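There are 2 protein chains.
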Amino acid sequence: MQLTGKQLIGADIVAEGTTTFHGYTPHNGQPTATTFYEATDAEIDRAVALADNAFWTYRKTLDVQRAAFLEAIATEILALGIDLIDMASQESALPTARIEGERGRTVAQLRLFATFIRDETWVRPISSPLQLQKMPNGEPAMLHQRQIALGPVAVFGASNFPLAFSVAGGDTVSALAAGCPVVFKAHPAHPATCEMVGRAILNAAQQTGMPGGVFSLVHGASNRVGERLVQHPAIKAVGFTGSFRGGKALYDLAVRRPEPIPVYAEMGSTNPVFFLPGALVGQSDQLAASFAASVTQGVGQFCTNPGLFVTSDTATNFTTELARQLSAMPTGTMLTAGIQQAYSHGIMHQRSVAGTQQPTPWTGNGAQPHLLLTSVENALQHPELSEEVFGPSTVGVLAQSKEELLSFARQLTGHLTATIHGTEADLAEYADLVDILTTKVGRLVFNGFPTGVEVNHAMVHGGPFPATTDSRSTSVGTTAIYRFTRPICFQGFPGGTV
Amino acid sequence: MQLTGKQLIGADIVAEGTTTFHGYTPHNGQPTATTFYEATDAEIDRAVALADNAFWTYRKTLDVQRAAFLEAIATEILALGIDLIDMASQESALPTARIEGERGRTVAQLRLFATFIRDETWVRPISSPLQLQKMPNGEPAMLHQRQIALGPVAVFGASNFPLAFSVAGGDTVSALAAGCPVVFKAHPAHPATCEMVGRAILNAAQQTGMPGGVFSLVHGASNRVGERLVQHPAIKAVGFTGSFRGGKALYDLAVRRPEPIPVYAEMGSTNPVFFLPGALVGQSDQLAASFAASVTQGVGQFCTNPGLFVTSDTATNFTTELARQLSAMPTGTMLTAGIQQAYSHGIMHQRSVAGTQQPTPWTGNGAQPHLLLTSVENALQHPELSEEVFGPSTVGVLAQSKEELLSFARQLTGHLTATIHGTEADLAEYADLVDILTTKVGRLVFNGFPTGVEVNHAMVHGGPFPATTDSRSTSVGTTAIYRFTRPICFQGFPGGTV
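Order-wise, the sequence lines are chains W and H.
Residue numbers for the first sequence follow the UniProt record's numbering, so the first one is 1 and each next one is one higher.
Residue numbers for the second sequence follow the UniProt record's numbering, so the first one is 1 and each next one is one higher.
Worth flagging that the hints you see were computed from the coordinates, not collected in a lab.
It is possible that some hints are incorrect.
No copy is singled out in the list; a pair is fine if it fits within one copy or between any two copies.
As the list claims (entries may be wrong) - With a cut-off of at most 16 Å between alpha-carbon atoms, the simulated EDC-like pairs for lysine to aspartate or glutamate come out as follows:
#1 LYS60 with ASP432
#2 LYS402 with ASP285
#3 LYS402 with ASP426
#4 LYS60 with ASP435
#5 LYS134 with ASP119
#6 LYS134 with GLU454
#7 LYS248 with GLU139
Only a predicted model underlies this, so the values are computations on that prediction, with no experimental measurement involved.
Required output: the full structure, derived from the provided sequences and hints.
Here it is in structure tokens:
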């Protein structure tokens, strides 16, 4: 595929602006070949106007038609072959095996949503007879409720999953499945990958007879592009995965619009892991190795990366082995120079906090895995130790007692996940911990690791603020579709509904 | 019952403040007997702290326990007998027959939610096996999703339904059913009715062993009380029924909190009714009479009051008969002096707009039923004609053609309901109208009237902004419960879930 660096607006590939930027190869710090053009205000407005126009056709497509569209996207993505794998790997510094796995997940996700909407009960149909209205034949008039599409959706991709949380990722798929056109803001950290996948979606739209404007993609390295998109009156919802600062800024814009709209921003968290006493008996080395692998997976660049763990201050075998494991792991290359810099600053700040132990070496260069230990008392005094440092590090909080562990759990803010490692006896003994964590997270894991968010019907990848801006939703799994729908009911129509 | 005029905070009946106000009898303009005390900041904070504390117990009550609580509330409300009917009628100027009907609806609503949560599938359970995590027996670990309660909810009652949309109304019932404690801001237009129902709820809570603080009620005639409530960090959602100004102000406060929370404000609309050509053939007099009854029901003080209708400019038989019917109807007494004043101002403003016909008399005094007619062209030039004037009035927009009718429909903002009167042939001919209205409302009615919102499983009493602040929800019907829940999933727990 010959890359253009231009906007994909409906079927048009255009660039009217003069502001340009380049992608970047994290491995060598060099810009990538293609020049990308920032979308102009007029281009953004045209993409949204086309989406708004497409909505009137697209919202009435049959479920099976949209399912075919999603499946065609999957086929088109696979048809990009090794070129897509190479480009995504080049732009993200993630190894090709990981990108291949991510492509598999992206394609499976498209197919899962296609299957999901082929079952017509996905619209949550509910019927009730009325007491006050009769039909001409004297029967009670009926009320039929179902979910319908909200309208055009603006989607912002994440840097850390250039396929699965980007152009054809969970937000786009669930919006398209619901019947909502998508205007996608390409991520400037992998613009070439974005163009490739965007064009695959346009090919699929054309093949399956979808209306022009059902999908558009706009580029931009500045905040202006996303800000204009979110404030456009025809945009009816926003999907975002990324930083707290970015997600909260979009939320603040959206709720201040003359017509406020929902924003589903998944902003990450530290996903605390609790190692209870029974978990460590006879297997602390094995657990330390598994935990070190979870902390450093994908250079620690996972929304569900366990950046915080809590255990007894007597678990020295575990923490010693964890330090040894993390120290032995290689320094990785992060997604962008900015993320690398933020990681270094974050670790250096953590190391400057009084009352901490730092059993892993720290050169100050690169994405070196890192462990910091502190007491519950000190962690409660320094809440910044519990905040996310995006990357391959974790902070261990050591409790002197069960009560101290619970007191730390009680003051946690919202997280995507929390995890408990223990025996069934631990679980009974620490029932209060389960109870507390249930109020703090979207997913509670027992004897597993939070990384590795499988796409299925039951998944919840969400959680109370500040993990997301809307705890009533998930951005992974089929129930993600209901972020982009609303209920309507039809009363007294002949044949029941329209 | 001896009224106290005080706050109900958990089991305590207290008044620490010195600011007082009185209820008001609309029929004679006189204050009612009891002196009510505005809640102090400390009282509000105590009510929320108790609710927050109660949440830890209440969220774990069994569905059958909460169902018994709801049923006990119904019993306690009925036990108030004629005293409640008389007080609600006195404070609202609504006739006793209407209040009796509203009590029936309130009690039936409590029992419907009790039945609903007795069926354990109300939590929307979803299960999926995992590929990456195994249980000790080698089976795949399971992921179980379900809905759980959000936390303490602040509820604001409406003046126009002193029972069904007030203390034990739809918002309170759905929050309590979900497992959320409620702090209720009593409406200053019917504070005595509020105290009576609030004490019925507290009696029911005590009888059924619910935790202290599961329900509290605070009084206030000033905005301070509600503003403090919505901004309290332990409040996790807000339910509101009332004016656009009031609902939007609470929304604006809630989204600017350090931790933003959802606000479900039902702010009313003009609920356009379309009379298509076939509907009027041979039955325009009958339709005019039914429509006049819908416009003036409850002195026009319904959220779903049809304040706007659209028909052909040749439908003069219909409009003439409608004018005759409305002219013949008595002038009613409105809920409050403020509402009466707003109605008079609204009608006088409408009458001052150029290009309107005013076929009903207008004395300028009281809630006199009113009809105003205008052309589509003039209505599009004067959007204020399509805005809500709360009371027994309606604006008829007369179209010269089908295209003109559709162009008017296209520019409608969000409404709670829209209605189409016509034959099946009209419905086929005006398929575009059905399509347009589907994007504008929460409920689309055929050959019925929008007033009379039945409480059942399929009802949607909601709609796109500005009808509500959250089109993804309904404030009537059993799906209203999901305003106060969020999904969580449990991964890998022995026995599946906790």
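Quick rundown of the hints versus the structure:
1. In the homo-oligomer, the alpha carbons of LYS60 and ASP432 lie at most 16 Å apart only across protomers (12 Å), although the nearest pairing inside one protomer, at 49 Å, exceeds that limit.
2. In the homo-oligomer, the alpha carbons of LYS402 and ASP285 never lie at most 16 Å apart, since the shortest distance is 22 Å inside one protomer and 77 Å across protomers.
3. For the identical chains of this complex, LYS402 and ASP426 are intra-copy neighbours only, at 11 Å inside a copy versus 71 Å across copies, given an alpha-carbon limit of 16 Å.
4. Taking the shortest Cα distances, LYS60 and ASP435 sit within 16 Å of each other only across copies (9 Å), while inside one copy they are farther apart (44 Å).
5. Taking the closest pair of Cα atoms, LYS134 and ASP119 never come within 16 Å of each other, the shortest separation being 31 Å inside a single copy and 29 Å across copies.
6. Taking the shortest alpha-carbon separations for LYS134 and GLU454, only the inter-copy value of 13 Å comes in at or below 16 Å, while the best intra-copy value is 48 Å.
7. For the identical chains of this complex, LYS248 and GLU139 are neighbours neither inside a copy (51 Å) nor across copies (41 Å), given an alpha-carbon limit of 16 Å.
Consistency note: the structure conflicts with the earlier hints numbered 2, 5 and 7.
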